[in-house]
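Just so you know, the protein sequences line up as chains E and H, in that order. Heads up: the first sequence runs through residues 1 to 191, numbered per my numbering. Heads up: the second sequence runs through residues 192 to 440, numbered per my numbering.
Please keep in mind that the hints were generated in silico from the structure rather than gathered at the bench. This one's a predicted model, so the numbers in the text were calculated from it and none came from an experiment. No residue lacks a Cβ here, since even glycine has one placed at the ideal position from N, Cα and C. Any given hint could turn out to be false.
[Claimed, not checked] Chain H is faced by these chain E residues, among others (derived, beta-carbon under 8 Å):
#1 Asp44
#2 Leu48
#3 Ala49
#4 Arg53
#5 Asp62
#6 Glu90
#7 Ala153
#8 Ala159
#9 Ala161
#10 Gly165
#11 Glu166
[To be verified] Covered stretches of chain E, as calculated for chain H (at least 3 residues, CB under 8 Å):
#12 108 to 116
#13 176 to 186
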Amino acid sequence: MKPWIAAGAGAAAVIAALAAVQCTREATAGSTSDCACAGQAIVDGPLLAFLSRARTAHHQADLTQEDGDLDLAVAALERVVTGPRPDAPEAIEVVADTYARLADLRSDLGDFEPALRDVEAGLALTARPTHFRGHLLEIKGVVLERRYRALDARGETDAAARAKGEALEAFKGAIDVQDQVIDDALSDGGH
Amino acid sequence: MKGERKLRLVPPPPSGEALPDPGVDEPFTDDEIEAAAALRDAIDHGADPLAMALQAAYAPGKLGDADLDAIVNRALGQEGAGTGAESAAAEQLRAELAGEAPLGEDAALLQSLRVAVRPTALDAARNEILIAAALRAPLRKSPVTMGPRAAPSPGLLRRPVRRIAPLTMAALTSVAALAASVALFFGRPTPAPRGDATAELVRARSADDLFDATTPFPRHGEESARIDRIASARAADLRRNRFAAWGVK
Numbered sequence: 001m002k003p004w005i006a007a008g009a010g011a012a013a014v015i016a017a018l019a020a021v022q023c024t025r026e027a028t029a030g031s032t033s034d035c036a037c038a039g040q041a042i043v044d045g046p047l048l049a050f051l052s053r054a055r056t057a058h059h060q061a062d063l064t065q066e067d068g069d070l071d072l073a074v075a076a077l078e079r080v081v082t083g084p085r086p087d088a089p090e091a092i093e094v095v096a097d098t099y100a101r102l103a104d105l106r107s108d109l110g111d112f113e114p115a116l117r118d119v120e121a122g123l124a125l126t127a128r129p130t131h132f133r134g135h136l137l138e139i140k141g142v143v144l145e146r147r148y149r150a151l152d153a154r155g156e157t158d159a160a161a162r163a164k165g166e167a168l169e170a171f172k173g174a175i176d177v178q179d180q181v182i183d184d185a186l187s188d189g190g191h
Numbered sequence: 192m193k194g195e196r197k198l199r200l201v202p203p204p205p206s207g208e209a210l211p212d213p214g215v216d217e218p219f220t221d222d223e224i225e226a227a228a229a230l231r232d233a234i235d236h237g238a239d240p241l242a243m244a245l246q247a248a249y250a251p252g253k254l255g256d257a258d259l260d261a262i263v264n265r266a267l268g269q270e271g272a273g274t275g276a277e278s279a280a281a282e283q284l285r286a287e288l289a290g291e292a293p294l295g296e297d298a299a300l301l302q303s304l305r306v307a308v309r310p311t312a313l314d315a316a317r318n319e320i321l322i323a324a325a326l327r328a329p330l331r332k333s334p335v336t337m338g339p340r341a342a343p344s345p346g347l348l349r350r351p352v353r354r355i356a357p358l359t360m361a362a363l364t365s366v367a368a369l370a371a372s373v374a375l376f377f378g379r380p381t382p383a384p385r386g387d388a389t390a391e392l393v394r395a396r397s398a399d400d401l402f403d404a405t406t407p408f409p410r411h412g413e414e415s416a417r418i419d420r421i422a423s424a425r426a427a428d429l430r431r432n433r434f435a436a437w438g439v440k
């Protein structure tokens, strides 16, 4: 074997051995994927970015609602529920709360079916008994009550009676959830 | 010391005689005027990066809704979202690479990389010229390398060089590789164990605990107040997480 080939092979062997040792050391020390929080969402930049956007949209809706432009308020809030969101419980609750506000605004505009779809979308996100879920059920009652009054004003008495019954059912559901949340809180010592 | 200038008081000029105006500069040259005009045009057209940066810092413009959405969407994982400025820059780069516009610095770099990865075919005539030049060069250099005392044939003169060069290169390569390996082994910072730090990170969780559990939300209004409270609380959590990640306690 020529001497330069032997020298090159030797250098390569030394590099390979040292690299293998270093890899072993790194594996022992651990890496990001091995962290204790792997698979669990933490409070991070994307979550804050989403919350900031939602906050901006709600304040924008406040101002346009003050001016009486409910359509513009709806448009501002739709961006919160249609855009991407992180898979974090508080982000999901914010979206559910936004659905509730959208339903309130849409039903105020007379758009009852879209309003009820918003309520159902919000309820699908909040299975656990919380004030967010209770609020959605209460808004469902509000939407149905408005529909009942609209139908009654048009003389559609049967449909109005059905809407009124559904509204009462929704309010009852809201009260049940709110009672459960309050009972849970009081049984925990009020905290 | 002879020849050294010394300060001395001088009498004021007689009344009525005009003093030279220290504020008057020499007249501008044509080049300076031309450069000033070019800079003014660049600033007017937003083509001067420094002026743009200063202007943005002094009087920042409103961020467009589309740009804001793009930034937030990208933060949430949609890598394809781009701002207006980025789209314009991408279009400019495309035009430069397609030969529709003069090559800029970035496009020139990409062009070089493209040629390096997929070299284009060399013109046959140019190839011959390069080969001929390469073959001629060692023959010209050989006598100079070995000195002018002897004048044997060029082939004989190059033999010692052929023998020494591989050995020298092998030795130098080995030393460099060994040094690099040792630096890699000892110098590379090993990540500190993160178990403790990650255990302290604040997890995302329900916002229930931010509100009085015994008081349901009002039927209308206060949505903005609720999101304000959630965002503020999570901003504090994010600060704690960042400090924890940096190892600050």
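Quiz item: For this structure, which hints from the list above don't hold up?
Solution: 7, 8, 9, 10, 11 and 12
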